[in-house]
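A.B. asks: Take a look at the letters that make up each chain.
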Amino acid sequence: AQKVTQAQTEISVVEKEDVTLDCVYETRDTTYYLFWYKQPPSGELVFLIRRNSFDEQNEISGRYSWNFQKSTSSFNFTITASQVVDSAVYFCALSGGANFGNEKLTFGTGTRLTIIP
Amino acid sequence: GAVVSQHPSRVICKSGTSVKIECRSLDFQATTMFWYRQFPKKSLMLMATSNEGSKATYEQGVEKDKFLINHASLTLSTLTVTSAHPEDSSFYICSAKGGGYSNQPQHFGDGTRLSIL
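Just so you know, the protein sequences line up as chains D and S, in that order. FYI, our numbering numbers position 112 of the first sequence as 198, with every residue one higher than the one before it. FYI, our numbering numbers position 14 of the second sequence as 46, with every residue one higher than the one before it.
Incorrect hints may appear among the rest.
Said to hold, decoys possible - Reference listing, derived: stretches of chain D covered by chain S, where coverage requires no fewer than 3 residues with Cβ under 8 Å from a Cβ of chain S:
(1) 130 to 137
(2) 194 to 201
What the hints assert, rightly or not - Incomplete in silico selection of chain S near chain D, CB under 7 Å:
(3) F66
(4) L78
(5) T81
(6) Y90
Derived by calculation from the structure, the hints in this document are not laboratory data. Where a beta carbon is used, it is the ideal one built from N, C-alpha and C, also for glycine.
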């Protein structure tokens with residue numbers, strides 16, 4: 087069975103601070119994919135990143151960066167110099183390795199991030 | 033890029049009404065669509081996997097007769113909540129993936145907020 091744990095239910099930081107959202111996963115698959123999605127108050131899911139289990143390189147995209155540590159089964163997400171527009175619920179998700187991870191997703195419980203102006 | 037359209041975005045109706053939600057892939061053929069349900073401030077839970085031209089595969093605990101899924105074409109899947117009751121009030125969101133061995137991540141619709149009075 088697959089499981090995704092986001093231990094941080096809610097985080098509040100002051101604007102311009104850095105913040106890291108934690109994600110720990112469990113799977114028996116040798117090949118799998120990890121995702122991060124952003125869900126603003128309007129409800130839609132915004133795709134942020136997909137990472138396969140064979141690629142442990144950290145990734146940076148603007149103010150966003152991701153740290154994949156297979157040894158600790160973690161896929162943490164850091165926002166640098168946070169902005170009010172970053173306020174949202176962030177979900178970490180896991181999928182089996184078939185078809186580039188385009189199978190059903192197992193979501194974590196989400197972390198509600200509030201950026202205080 | 034690829035877009036998934038979900039309609040309606042919001043529904044408010046009386047108890048006992050059946051409600052149909054549409055999920056359309058606008059610029060690609062979606063052989064598989066997924067239906068998720070999200071309770072307020074909770075995570076997304078997969079309800080069923082919908083494959084074009086065949087019966088949907090429901091997750092454990094999801095009532096097939098309550099949540100009817102039809103995937104009659106490569107661009108449209110529908111979820112019908114039959115005889116809806118207040119406990120069915122939730123946020124329903126679909127995702128779609130292309131056919132074949134696609135490298136593109138699955139795309140989510142904007143969700144439907146269902147409120148049963």
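A.B. asks: Next, verify each hint and record whether it holds.
C.D. replies: Checked hints:
no.	hint	verdict
1	130 to 137	holds (count 4)
2	194 to 201	holds (count 4)
3	F66	holds (6 Å)
4	L78	holds (5 Å)
5	T81	holds (6 Å)
6	Y90	violated (12 Å)
The earlier numbered hint that this structure contradicts is number 6, and it is the only one.
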